[in-house]
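Asks: Listed here are the chains, written in short residue letters.
There are 2 protein chains.
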Amino acid sequence: MKAARICKEIGLKLTPQRMAILDYLEGNTSHPSAEEVYAAVSKRFPAISVATVYNTLASLRDRGCLLELTIDPSKKRYDPDTRPHHHLICTSCKRVADIEFKYDLSVPEGLRMGYEITGNHIEFYGLCPECKKPRRSGARR
Amino acid sequence: MKAARICKEIGLKLTPQRMAILDYLEGNTSHPSAEEVYAAVSKRFPAISVATVYNTLASLRDRGCLLELTIDPSKKRYDPDTRPHHHLICTSCKRVADIEFKYDLSVPEGLRMGYEITGNHIEFYGLCPECKKPRRSGARR
DNA sequence: CTTTCATCTTGGAATCATTCTAAATTGATA
DNA sequence: TATCAATTTAGAATGATTCCAAGATGAAAG
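So the sequences go chain by chain: A and B. Per the numbering used here, the very first residue in the first sequence carries number 1; after that it's consecutive. Per the numbering used here, the very first residue in the second sequence carries number 1; after that it's consecutive.
Don't read these hints as lab results, they were simulated from the structure. There may be inaccurate statements among the hints.
[Stated by the list, open to error] Taking lysine-lysine and the DSS-like style, the derived pairs with C-alpha atoms no more than 27 Å apart in a straight line are: (1) K76/B x K43/B; (2) K132/B x K76/B; (3) K76/A x K102/A; (4) K102/B x K102/A; (5) K75/A x K76/B; (6) K133/A x K75/A; (7) K76/A x K76/B; (8) K43/B x K75/A; (9) K8/A x K43/A; (10) K2/B x K76/A; (11) K13/B x K76/B; (12) K76/B x K102/B; (13) K2/B x K43/B; (14) K75/A x K132/A; (15) K43/A x K76/A.
Given these sequences and hints, build the entire structure.
Replies: This is the structure:
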């Protein structure tokens, strides 16, 4: 879906900053952090401020157009693919991959402790191809 | 298991501060944050510093005696129950409950992207009994 | 094509959780 | 009882994120 249309449909003003952020996000499977979105968008749009990036990401998240992942302990990661799916994080370099597979995650009535369950998400932990190789660590933080 | 024995077995010095922290953690199912551990332990041990709480939690986590949960977006939460299990968080008040149930979470070979998978954890989202009731919000942050 | 105004953007300050530091203290072993 | 690595501590430092107040600007209305 085009950036312009997304904004219009969810009632957001179409500003050049948002266009740039949405363009960067569209189809992006790197699960970037806010800082990474800022770094990437700054190249095309040098005047943009970090606050705008945070604001826009929050607006998109609030309207269900962007997933905010908590899988990385040190920062939030974003995923423009809002279809239900799961994630796999490399515990060494923090690279995140999508796991598009259906699991039966129903919780037996007796274990719900009175909660109403509204969603779920699986975090898989592992080592990416790069980090599996000894020496040459790909750790990025 | 008694605090004293835990320390000895994992090669940690037995200090009064650690005793207090381990005592508070033992059997605790509230999934406290570091700040909450500090607040609770401070009552019994007023002189303890936050740094010690963070240090001790990290030591226990590193030795596999404590799980560090990333399910709460704003802070890390800790769980002294290290048996594999999952969690359910109330998206309103952030209360966390344990879900002790086995799920088949095997990832089809073709979807592993070359990663070696070492673990998993399911985050369930929902509303706790308190927050389901209208009005009187139990939000704690 | 102007006016209008709620929505946006912005730089910088502020906040929050967490980590780091360097010095003083102290379990635990010899 | 001496010794020393492991600990504790207060406070500074860091990193991510949020807040703020003021100026700018899409877009609906006329």
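Asks: For each hint, tell me whether it holds in the structure or not.
Replies: Outcome of the hint check:
1. About 22 Å separates the Cα atoms of K76/B and K43/B, which keeps this hinted pair within 27 Å; it holds.
2. Distance check on the hinted pair: K132/B and K76/B sit about 24 Å apart at the alpha-carbon level, within 27 Å; holds.
3. The straight-line distance between the Cα atoms of K76/A and K102/A is roughly 24 Å, inside the 27 Å bound, and the hint therefore holds.
4. Only pairs whose Cα atoms come within 27 Å are accepted, and K102/B paired with K102/A is accepted, the gap being roughly 16 Å.
5. Proposed proximity of K75/A and K76/B is supported: the alpha carbons are some 11 Å apart, at most 27 Å.
6. At most 27 Å may separate the alpha-carbon atoms for a hinted pair to count; K133/A and K75/A meet this at roughly 26 Å.
7. Only pairs whose Cα atoms come within 27 Å are accepted, and K76/A paired with K76/B is accepted, the gap being roughly 13 Å.
8. Simply put, K43/B and K75/A have alpha-carbon atoms about 32 Å apart, too far for the 27 Å limit, and the pair is violated.
9. With a C-alpha separation of about 25 Å, the suggested pairing of K8/A with K43/A holds against the 27 Å cut-off.
10. Simply put, K2/B and K76/A have alpha-carbon atoms about 37 Å apart, too far for the 27 Å limit, and the pair is violated.
11. About 25 Å separates the Cα atoms of K13/B and K76/B, which keeps this hinted pair within 27 Å; it holds.
12. Of the pairs offered as hints, the one joining K76/B and K102/B holds, with about 24 Å between alpha carbons and a cut-off of 27 Å not exceeded.
13. Pair hint K2/B plus K43/B holds up; C-alpha atoms about 21 Å apart against a cutoff of 27 Å.
14. With a C-alpha separation of about 23 Å, the suggested pairing of K75/A with K132/A holds against the 27 Å cut-off.
15. Of the supplied pair hints, the one linking K43/A and K76/A holds, its CA atoms being roughly 22 Å apart against a limit of 27 Å.
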